[in-house]
Amino acid sequence: MPATGRGLPIRKWLDEGLCTACRSCEIACAFHHTSAFAPSESSLRILRDMNTCEVTIELYRSCDGCLEETGGPLCIEFCARDVLRPELLRLVSDAENGH
Amino acid sequence: MIMRDPGKKPRGWVGTILRADLTRRKTTTELLGRYYQENGVGGRGIGQIVMFEEVEPASDALGPENKVILGAGPLVGTLAPTCGRMSVETKNPLTGGLTSSNMGGHIAAEMKYAGFDAIVVEGVASEPSVLVIRDGVASIESMPELWGKTTFQTEEALHARLGGSGWRVASIGPAGENLVRGACLIGERGRAAGRGGSGAVLGSKKLKAIAVRGSGRVQVAHPAEFLREVRECWAKIDRSGKVAGLRIGGTHWASGAGGDQGLRSQAVRNYRDEFWPAEKTERIRQPVFRDMFEVRRLACFNCPIYCSHFYRVSSGRYAGTACEGIQTNTIRAFGSNLDIDEPSAIVAAQELCSQLGIDVDMAAATVAWAFELYERGILDTSDTAGLELRWGNHEPVPVLLTQIAYREGLGALLADGVKRAAQVLGRGSERYAMHVKGADLNEQGMRWNKAWAFGIVTSSRGGGHLDGAPQTGFWHIPAELGVEKFGVPSAGDPAAYADNAPLVVWYEDYKAAIDALGACYFTSYWEDVELLSQHDYARLFSLATGEEMDGDGLMAVGRRIQETAKAFNTLHAGFTRQDDFPPRRLLEEPALSGAYQGEKLDPVMWNSMLDAYYEAHGWDKSTGLQTRECLVRLGLEGIARKLAEHGALW
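From first to last, the protein sequence lines are chains E and A. Position one of the first sequence corresponds to residue 1 (the working numbering), numbered consecutively onward. Position one of the second sequence corresponds to residue 100 (the working numbering), numbered consecutively onward.
It is worth saying that the hints were derived from the structure and are not from the lab. Some clues are possibly wrong.
Straight-line distance between alpha carbons at most 20 angstroms, and here's what the computed EDC-like set of lysine to aspartate or glutamate pairs gives [claimed, not checked]: (1) A:K341 to A:E324; (2) A:K335 to E:E77; (3) A:K741 to A:E155; (4) A:K125 to A:E153; (5) A:K341 to E:E54; (6) A:K335 to E:E54; (7) A:K699 to A:D719; (8) A:K699 to A:D598; (9) E:K12 to E:E69.
Taking CB as the label site, the calculated pair distances span [claimed, not checked]: (10) A:M704 to E:E77: 46 to 52 angstroms; (11) A:D390 to E:E77: 15 to 21 angstroms; (12) E:E68 to A:P163: 53 to 59 angstroms.
For every residue, glycine included, the Cβ atom is placed at its ideal position computed from N, Cα and C.
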């Protein structure tokens with residue numbers, strides 16, 4: 001299900017320094033939903049504060065945990081930082097379980 | 100490349116070019132047709148075609164006839180790794196030739212999501228303006244209140260006015276407004292289309308910034324296969340030892356990488372030497388910066404390398420300084436080449452260049468030239484308004500950078516680059532002006548690594564390592580690998596002169612093709628021959644666009660780009676063989692100390708390399724001019740015709 005009109009985020013997480021704000025997860029997620037690359041249709045949004053350099057990860061209701069992806073959630077697969085993947089997985093799993 | 104079914108919707112490309120006519124205050128769109136797709140592919144390729152065909156040779160780089168082309172190639176915005184580069188083409192106010200510069204960050208992908216593969220900026224606005232683009236709609240909006248602001252302030256003001264940080268902004272600073280010939284375009288505070296003076300050209304057009312927001316899609320022709328290929332590329336990147344190094348320190352790792360013996364030489368004191376003592380090198384190495392200043396790692400759009408570091412200085416003279424974008428060129432520019440080993444001063448100089456919108460390489464060469472003239476007594480305190488430009492003294496650097504940006508004091512002289520500055524000043528200062536074709540120089544290891552130097556000097560943008568200059572000599576790759584990858588057994592030998600020409604030409608073609616696609620060199624053979632080859636990139640292109648192309652075809656795209664740049668330079672700047680020589684200092688003054696003491700470039704061998712280089716391109720050896728045969732072979736009859744009309748075809 002595309003995330004168009006995605007509403008308010010169901011999870012927000014202020015990252016302490018692991019995320020590089022590359023947004024690969026964002027477009028990988030959009031690809032899962034649409035077979036195209038469109039951040040506006042992603043269930044994730046990565047926001048960087050240009051002054052403080054803080055990064056916020058937002059998760060939207062359209063996240064389905066990539067249940068039909070054989071390799072697991074695409075956002076995790078295309079996260080370049082080993083240290084961040086477990087955190088992302090926790091975020092996505094929470095959403096999948098409806099928490 | 101075989102174009103099939105011209106009526107179908109574009110894939111990879113989004114299919115539209117935006118034209119912003121500042122004089123008429125009007126924006127129009129046109130379809131990105133087969134002509135551009137076939138001949139230019141994207142990014143730099145399309146930008147150069149527009150520049151060659153639409154800007155006449157007599158045009159002033161800072162006049163209304165010049166244009167600036169922003170390009171986002173067919174892979175930009177997709178999940179192909181690092182494909183978020185924006186290409187910037189314009190007539191270079193330093194060289195009079197073509198410049199192709201390149202910026203990371205997120206703005207190129209945003210251009211695609213907003214519906215544009217390329218933006219052509221032309222004319223001159225009647226007052227300071229911003230090009231605002233949202234989802235296929237563009238407007239030129241007067242914002243005189245932004246004139247005079249730094250790039251950081253400009254971005255902040257535009258975010259406040261337009262509605263948040265989802266807007267991607269590229270802007271010029273005071274240097275661009277004041278037509279500093281090395282002024283650049285700064286994106287998202289820490290990304291620069293550094294080389295080539297695009298900031299000055301935009302300043303002459305009174306275009307302060309471009310702000311983009313898009314919510315559209317980039318579609319690919321074969322989604323499942325594309326994803327599979329992306330996974331293959333991702334795996335190669337993860338396996339690369341070079342990438343592991345870049346992930347830790349960016350290219351900053353190269354500063355001091357040669358150990359105590361200085362085996363990886365640097366420009367030292369305006370290139371008078373190439374060795375910097377270990378006690379100084381140790382103070383500016385990346386781990387020092389990490390421990391003292393690092394706030395977090397950052398990446399450009401969809402980049403698994405995250406080579407960028409956000410630094411903040413929390414104490415001392417430069418407390419409060421905070422910026423991104425420090426790589427090895429910054430360390431050389433404000434470190435070894437000025438003999439400065441104070442890390443916080445280097446961070447401060449980088450931040451100031453980003454705020455003011457000055458190319459770090461241009462700043463480096465001009466400031467180092469001024470320092471050397473002062474040390475030699477050619478300049479004194481009456482010229483510098485009391486500034487003591489002594490090697491190692493970091494205090495005058497921020498003052499000089501600011502003077503350059505505002506064309507005040509000594510900065511008024513330096514703002515036009517070292518070539519023009521030396522011509523104006525005289526007093527024998529030309530000897531110390533480090534430039535190629537008028538483009539200021541800030542490079543490592545040019546005396547000992549011959550292929551590297553050759554690629555820098557023959558670069559179509561005037562002088563720089565981002566065209567043909569190979570790094571294979573730094574890595575000492577084995578002969579058999581050199582043969583396998585490039586057909587050049589000596590590719591790993593920095594001292595070799597023989598066979599450098601085909602190696603440089605190979606990299607010219609390959610890197611120009613990468614510029615057309617919109618990828619970053621850091622995932623390519625430029626960093627590691629285990630990374631993405633021309634065949635990998637061609638597969639990504641074919642699966643994204645649905646147009647079949649193999650690795651050889653992609654290399655031919657790169658060659659056409661090189662030949663287009665060469666023809667532009669011949670017509671606009673009149674470059675000849677004489678312009679393909681390095682600065683005299685590198686030919687005549689040997690390195691003073693360190694592992695390469697006594698090393699310099701040999702003019703006789705340089706001539707031999709040039710012969711081989713022209714031969715590899717199919718150019719005339721005596722003049723360096725292109726021949727009809729070399730152009731027709733590449734399908735560039737139109738370029739041959741225009742050169743012939745101007746009597747510039749051999």
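Ascending list of hint numbers which this structure does not respect: Those not satisfied are hints 1, 5, 6, 7, 9 and 11.
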